[in-house]
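Produce the complete structure using the sequences and hints provided.
Going by this note's numbering, the residue at position 22 of the sequence shown is 22; the numbering climbs one at a time, nothing skipped.
Keep in mind the hints are simulated off the structure, nothing from the lab. As the structure is a prediction and not an experimental result, all values here were calculated from the model. Misleading hints may appear alongside valid ones.
[Stated by the list, open to error] Computed Cβ-Cβ distance ranges for the label pairs, DEER-style:
#1 L15 / S91: 39 to 49 angstroms
#2 A261 / I203: 23 to 33 angstroms
#3 S91 / N39: 15 to 25 angstroms
[Claimed, not checked] Straight line, CA to CA, 20 angstroms or less: simulated EDC-like cross-link-like pairs of lysine to aspartate or glutamate:
#4 K323 / E313
#5 K296 / D268
#6 K303 / E201
#7 K281 / D311
#8 K129 / D143
#9 K296 / D44
#10 K198 / D12
#11 K296 / D270
#12 K14 / E201
#13 K334 / D44
#14 K279 / D268
#15 K101 / D262
#16 K279 / E255
#17 K302 / D272
#18 K72 / E328
#19 K334 / D188
#20 K14 / D268
#21 K73 / E313
#22 K279 / E305
#23 K302 / D273
#24 K323 / E69
#25 K133 / D96
#26 K279 / D224
#27 K230 / D311
#28 K72 / D320
#29 K296 / D224
All C-beta atoms, glycine included, are put in the ideal place defined by N, C-alpha and C.
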Amino acid sequence: MVGEAPNFWWNDQKLMRWLLLPVSWIYGFFARRRMERENIPVIDLPVLCVGNFTLGGTGKTPVVISLAEAAKKLGLNPGIISRGYGGEIHSPHLIDPEFDKAREVGDEPLLLARHAPVAVATDRLGAAKLLQKQGCNLILMDDGFQSRRLFADYALMVVDGMRGLGNNAVFPAGPLRAPLVTQLAYTDGVLMIGNGDKGNEVIHMAARAAKPLNFAHLVPSATDAVSGRKFLAFAGIGNPQKFFRSIGELEGKVEQTRIYADHHFYTDFDLDDIIGSAKAKQLSLATTAKDFARLKTDGQDKKLENLVVFDVEVSFDDPDFCKQRINETLEAFKNRSYEE
1 MVGEAPNFWW NDQKLMRWLL LPVSWIYGFF ARRRMERENI PVIDLPVLCV GNFTLGGTGK
61 TPVVISLAEA AKKLGLNPGI ISRGYGGEIH SPHLIDPEFD KAREVGDEPL LLARHAPVAV
121 ATDRLGAAKL LQKQGCNLIL MDDGFQSRRL FADYALMVVD GMRGLGNNAV FPAGPLRAPL
181 VTQLAYTDGV LMIGNGDKGN EVIHMAARAA KPLNFAHLVP SATDAVSGRK FLAFAGIGNP
241 QKFFRSIGEL EGKVEQTRIY ADHHFYTDFD LDDIIGSAKA KQLSLATTAK DFARLKTDGQ
301 DKKLENLVVF DVEVSFDDPD FCKQRINETL EAFKNRSYEE
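Following this line, the structure appears as structure tokens:
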């Protein structure tokens, strides 16, 4: 169970939350100061940031992909900025999906680069300038909301409807990346993916903050037939339980699981355990597209026979959702005040 977020983040266990609150207050203080700082770097291009309030996976990557595809249909040339989590490159680098490896640039940039030019860097302004040189006229920023290292004309926050905001506490007492009030002050819209009891809290939160709220759900797909098959499912992503549920949605059955840290690079020991356990129980293997991008880095995918790779797309309740968010970003850019 390595790599999963603490259970007390997502339920009503109050002891650990209370024990960690003093640390959360300190963390939250500096997170708030960072978000409220002035002189945010600016680029002369419209910037749409896709972020989340909490740590862990919420479905940002497929949302960014949907926005990129919608932008191209509008005649725009979008470029994507990614931090490249899990990779080794820190200076601005334009992704070449044919030659770059996940170990160097991260897994998500390789998936995003199938849809638009992607620049990875800790320096988001430098990455934006690199995309500007490539002729991009719209920047889609994958994450980077809380760091405020590049001014965003529109900030879209993605929330998992099943997990919601967890216990509403700031890290490490809870999953929030910064105090919620501070985050909401810089939020332009909220997208809730999926349903659940915690999702009702998100609906009330958006209403109280007068933030537009839209809805969507993830549609899983797989590289091979799934129905009726039994799987050992393994993943190193932010929310592995969502992946395991998607197998059931395609009428497969998860018999065993292996959970690793987000952006985990698999070792020979990991693969021996996965392969041996699956063979012992005559199980097929299942993993995510993000994990598969990492496995391909060292040719590890060739060791995994009978492997089914799962991916997801976003289905928006409002079919014009992406078009509307892009147009709002363009309008905000036209009206941008450089004294922000």
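Verify the proposed pairing of K323 with E69, using a straight-line Cα cut of 20 angstroms.
-> Roughly 10 angstroms separates the two Cα atoms, so the pair holds.
**Restraint status (C-alpha distance of K72 to D320 at most 20 angstroms)** = Distance ~14 angstroms between K72 and D320 Cα, so the pair holds.
Holds or violated: K323 with E313, Cα cutoff 20 angstroms?
Status holds; Cα separation ~17 angstroms.
Between K73 and E313, is the straight-line Cα distance small enough, at 20 angstroms or below?
holds (17 angstroms)
query: Is K334 close enough to D188, meaning Cα to Cα at most 20 angstroms?
result: holds (16 angstroms)
Self-check item: Range agreement (Cβ of S91 with Cβ of L15, hint 39 to 49 angstroms)
Solution: At 44 angstroms between Cβs, range holds.
- A261 and I203, beta-carbon distance inside 23 to 33 angstroms? For A261 and I203 the Cβ distance comes to about 32 angstroms; the hint holds.
Review point. Would the pair K101 and D262 pass a check requiring their Cα atoms to be no farther apart than 20 angstroms?
Key: holds (17 angstroms)
For the pair supplied as a hint, K279 and E305, is the alpha-carbon distance within the 20 angstroms limit?
holds (10 angstroms)
| When you check the alpha-carbon spacing of K133 and D96, does it fall within 20 angstroms? | Distance ~16 angstroms between K133 and D96 Cα, so the pair holds.
(request) Take a quick look at whether K279 and D268 sit within 20 angstroms of each other, Cα to Cα. (result) holds (16 angstroms)
Q. Is the Cα-Cα distance between K302 and D273 20 angstroms or less?
A. holds (16 angstroms)
Of the numbered hints given earlier, the model fails hints 6, 7, 9, 20; all others are met.
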